[in-house]
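> Read off the chains here:
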Amino acid sequence: MIEETSVLEAVDLGKRYRRTWGLQDCTLTIPKGRVAALVGPNGSGKSTLLRMAAGLLEPSAGTLRVLGQSPSPGTDHLRERVGYLDQDRPLYKGFRVAEMLRFGELNNPTWNMDVAKDHLARLNIPLRSRVSNLSGGQQAQVALTLCLSKQPELLLLDEPASALDPVAREDLLRLLMRQVADSESSVVLSTHALSDVAAICDYVVVLAHTRVVLSDDTEYIVETHRIISIVDDRDLALPPGITVIHEQHNARGRSLLVRVELPFNDDRWRVDRPTLEEIVLAYLREGSPNRYGHNIDDIENGVR
Amino acid sequence: MSQHPSITFRLDPQSGLAPYRQIVDQVRQAVSSGLLEDGDQLPSVRDVVTQITINPNTVHRAYRELEHQGIVEGRAGLGTFVTARSHISTSAAEHASLEQALRDWVINARRTGLDEETISDLMRTALRQEGNVRS
Chain A
1 MIEETSVLEA
11 VDLGKRYRRT
21 WGLQDCTLTI
31 PKGRVAALVG
41 PNGSGKSTLL
51 RMAAGLLEPS
61 AGTLRVLGQS
71 PSPGTDHLRE
81 RVGYLDQDRP
91 LYKGFRVAEM
101 LRFGELNNPT
111 WNMDVAKDHL
121 ARLNIPLRSR
131 VSNLSGGQQA
141 QVALTLCLSK
151 QPELLLLDEP
161 ASALDPVARE
171 DLLRLLMRQV
181 ADSESSVVLS
191 THALSDVAAI
201 CDYVVVLAHT
211 RVVLSDDTEY
221 IVETHRIISI
231 VDDRDLALPP
241 GITVIHEQHN
251 ARGRSLLVRV
261 ELPFNDDRWR
271 VDRPTLEEIV
281 LAYLREGSPN
291 RYGHNIDDIE
301 NGVR
Chain B
305 MSQHPSITFR
315 LDPQSGLAPY
325 RQIVDQVRQA
335 VSSGLLEDGD
345 QLPSVRDVVT
355 QITINPNTVH
365 RAYRELEHQG
375 IVEGRAGLGT
385 FVTARSHIST
395 SAAEHASLEQ
405 ALRDWVINAR
415 RTGLDEETIS
425 DLMRTALRQE
435 GNVRS
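Chains as they are written, first to last, in my numbering: chain A, 1 to 304; chain B, 305 to 439.
No lab work stands behind these hints: they were computed from the structure.
For every residue, glycine included, the Cβ atom is placed at its ideal position computed from N, Cα and C.
One or more hints might be untrue.
Said to hold, decoys possible - To list a few chain A residues with every Cβ distance to chain B over 10 Å, as calculated:
| id | residue |
| --- | --- |
| 1 | Arg16 |
| 2 | Leu28 |
| 3 | Asp86 |
| 4 | Gly94 |
| 5 | Glu105 |
| 6 | Thr110 |
| 7 | Arg130 |
| 8 | Gly137 |
| 9 | Gln139 |
| 10 | Glu153 |
| 11 | Ser215 |
| 12 | Thr218 |
| 13 | Ala237 |
| 14 | Arg252 |
| 15 | Thr275 |
| 16 | Leu276 |
Claimed, not checked - Interface residues of chain A toward chain B, partial, derived using beta-carbon atoms under 7 Å:
| id | residue |
| --- | --- |
| 17 | Pro31 |
| 18 | Val35 |
| 19 | Arg174 |
| 20 | Leu175 |
| 21 | Ser195 |
| 22 | Ala198 |
| 23 | Ala199 |
| 24 | Asp202 |
To be verified - Pairwise CB distance ranges, derived in the manner of DEER restraints:
| id | chain 1 | residue 1 | chain 2 | residue 2 | range |
| --- | --- | --- | --- | --- | --- |
| 25 | A | Lys117 | B | Ile423 | 51 to 59 Å |
| 26 | A | Gly33 | B | Ser348 | 51 to 59 Å |
| 27 | A | Pro31 | B | Asp316 | 25 to 33 Å |
| 28 | A | Asp217 | B | Gln318 | 50 to 58 Å |
| 29 | A | Pro166 | B | Val410 | 33 to 41 Å |
| 30 | A | Gln69 | B | Ile423 | 52 to 60 Å |
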């Protein structure tokens with residue numbers, strides 16, 4: 001068998017809900033062994049993509065392969081290899097934590113009870129607690145623990161840390177990173193917290209209005225973007241290989257967030273390195289069609 | 305091994321530097337300031353991800369880079385150890401003299417009437433230009 005180098009591969013993937021599209025023209029490849037972030041506003045298609053990858057939704061267009069297989073609903077063989085955590089974090093509220101673990105063990109042949117107990121001990125969550133008596137943060141941690149204890153090759157997590165206080169969120173993300181360190185699982189997670197993305201994600205997919213506007217290695221993204229500040233625009237002739245992603249006007253000049261394919265240095269302008277957050281925000285702003293009336297493909301093709 | 309980690313990392317999301325680069329810089333700084341010495345063990349990747357919220361791949365990557373620079377070496381089954389502080393170009397004496405020169409420069413700049421912001425701006429510009437030349 002050929003070894004898979006990607007965990008998720010989409011070609012022209014789309015999902016239509018009645019009359020509106022939840023995701024369109026999605027072509028992307030997420031390499032194996034990564035912690036990939038899906039970022040974008042609500043309704044941009046993050047959950048739709050994750051649900052299709054988990055085999056809970058059928059694509060309306062294009063193809064999708066997860067761990068080399070097609071995850072259509074009803075195919076059971078991917079279930080053991082993929083762990084999916086819904087944003088509602090479903091738990092049986094009347095169960096005790098220990099009962100939830102037992103339930104997980106009965107339903108998953110690949111279950112590792114030591115991992116489950118180790119994670120919960122680390123988080124100080126007693127096994128005899130009833131789920132309904134746990135805080136929101138603890139419930140999120142239990143839900144993630146159940147997902148991790150299946151020891152899946154690929155974790156699909158829909159906003160695993162949303163609505164958690166800062167400490168609970170740190171604990172949750174460290175729990176996840178520990179699992180990645182120990183088991184070399186790949187992760188695809190959706191999030192609104194760009195600061196988390198910078199810290200833990202080495203691959204970023206930005207979605208805006210049901211389309212992918214950026215998808216690449218985090219470090220490559222950071223290395224290939226700059227902010228150019230121009231005092232006035234008299235001598236603005238950008239060298240070739242520079243693509244303007246987002247433009248901001250000031251009283252006496254402009255600042256451009258650009259993509260540079262080659263290292264460049266120009267004394268006429270002040271050149272700064274943007275943070276990952278600034279880059280993602282620039283793509284999100286430009287990806288919104290009602291802002292300038294064009295989309296990112298036009299910018300990339302130089303049509304402005 | 306002692307109870308405390310030999311070095312505690314921190315990530316600054318505002319720095320604009322890739323997290324792996326920040327880890328590399330922090331180890332280099334710790335070695336040149338004497339906080340880390342020959343033979344000291346770096347925390348394991350597993351310990352780092354327990355200590356701060358970071359992707360284990362990033363820590364691996366930083367350790368590999370440090371190994372490549374000759375600052376640490378991986379010993380199979382044991383961990384990653386600081387090898388030779390001489391590899392970092394500045395010895396303690398050089399470090400002190402550079403620091404003194406910089407302090408004199410700052411005093412000079414203040415006398416000229418530059419405020420703190422302008423000074424740090426100049427410093428950033430110089431570093432940025434040097435960084436561009438390097439890459």
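> If you check each hint against the structure, which ones fail?
Numbers 12, 15, 16, 17, 20, 26, 28, in rising order.
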